[in-house]
Amino acid sequence: MAQLIPIGEWANGPNGFKYPPNSVTLSVYAKTGQIYPQPIKQGRRWVVDENAKFIGVQAKPDIPTNVSRPARALLEKVINGSQTQTS
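Residues 0 to 86 (numbering that gives the first Met the number 0) are what the sequence shown spells out, left to right.
One thing to keep in mind: the hints can contain errors.
Okay, derived cross-link-like pairs now, DSS-like style, lysine-lysine, Cα gap no bigger than 30 Å in a straight line [stated by the list, open to error]:
hint, residue 1, residue 2
1, 52, 40
2, 17, 30
3, 52, 30
4, 59, 17
5, 17, 40
6, 59, 30
Okay, the calculated beta carbon distance ranges per label pair [as the list claims (entries may be wrong)]:
hint, residue 1, residue 2, range
7, 5, 32, 15 to 21 Å
8, 22, 52, 18 to 24 Å
9, 3, 71, 32 to 38 Å
10, 13, 63, 41 to 47 Å
11, 67, 3, 16 to 22 Å
12, 42, 77, 32 to 38 Å
13, 39, 16, 18 to 24 Å
14, 22, 55, 31 to 37 Å
15, 21, 57, 21 to 27 Å
16, 1, 67, 39 to 45 Å
17, 76, 21, 21 to 27 Å
18, 41, 68, 32 to 38 Å
19, 40, 69, 23 to 29 Å
Hints in this document: simulated from the structure, not taken from any laboratory. By construction, the Cβ of each residue, glycine as well, lies at the ideal position given by its N, Cα and C atoms.
Model the full structure from these sequences, guided by the hints.
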């Protein structure tokens, strides 16, 4: 495993993007497993292996229809990452 660097530096580097996305988008990529190897949350920031690659969404898992409403909500949070909604 190579050195861990902040996700923003990785996105601007040679293994990242030609036009890097903003920090919110990078956080979503990290939470949803779209970067390999998986980034690590250290305190309030994401760090990633300097040789990591963006792989994008591979496949969206199906949630069974016979699951209760609270269990479905929990599964959706796990799959999509916890997202807070402001009213």
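Now for the hints, and whether the structure bears them out:
1. This hinted pair checks out: residue 52 and residue 40 have alpha carbons roughly 17 Å apart, not beyond 30 Å.
2. A threshold of 30 Å between alpha carbons decides the hint, and for residue 17 with residue 30 the separation of about 21 Å falls inside it, so the pair holds.
3. This hinted pair checks out: residue 52 and residue 30 have alpha carbons roughly 15 Å apart, not beyond 30 Å.
4. Between the alpha carbons of residue 59 and residue 17 the distance comes to roughly 26 Å, so the proposed pair stays at or under 30 Å and holds.
5. A hinted pair counts as satisfied when its Cα atoms are at most 30 Å apart, and residue 17 with residue 40 qualifies at roughly 24 Å.
6. At roughly 14 Å between alpha-carbon atoms, residue 59 and residue 30 fall within 30 Å of each other, so this suggested pair holds.
7. Our hint of 15 to 21 Å for residue 5 and residue 32 holds, since their Cβ atoms are close to 18 Å apart.
8. Taking the beta carbon of each, residue 22 and residue 52 are about 19 Å apart, inside 18 to 24 Å as hinted.
9. At roughly 35 Å, the beta-carbon separation of residue 3 and residue 71 lies within the given 32 to 38 Å, and the hint holds.
10. For the pair residue 13 and residue 63, the supplied restraint of 41 to 47 Å holds, since their beta-carbon distance comes to about 42 Å.
11. At roughly 39 Å, the beta carbons of residue 67 and residue 3 sit outside the given window of 16 to 22 Å.
12. A C-beta distance of roughly 22 Å is found between residue 42 and residue 77, which places it outside the suggested range of 32 to 38 Å.
13. Evaluation of the 18 to 24 Å hint for residue 39 and residue 16 yields a pass: the beta carbon distance comes to about 20 Å.
14. The hint said 31 to 37 Å for the Cβ distance between residue 22 and residue 55, and at roughly 18 Å that hint is violated.
15. The given range of 21 to 27 Å is respected by residue 21 and residue 57, whose C-beta atoms sit roughly 23 Å from each other.
16. Between residue 1 and residue 67 the Cβ separation comes to about 43 Å, which falls inside the hinted range of 39 to 45 Å.
17. Distance hint for residue 76 and residue 21: a CB-CB separation of about 23 Å, consistent with the stated range 21 to 27 Å.
18. Taken as a hint, the range 32 to 38 Å holds for the pair residue 41 and residue 68, whose Cβ atoms sit roughly 35 Å apart.
19. The beta-carbon spacing between residue 40 and residue 69, approximately 26 Å, falls within the hinted interval of 23 to 29 Å.
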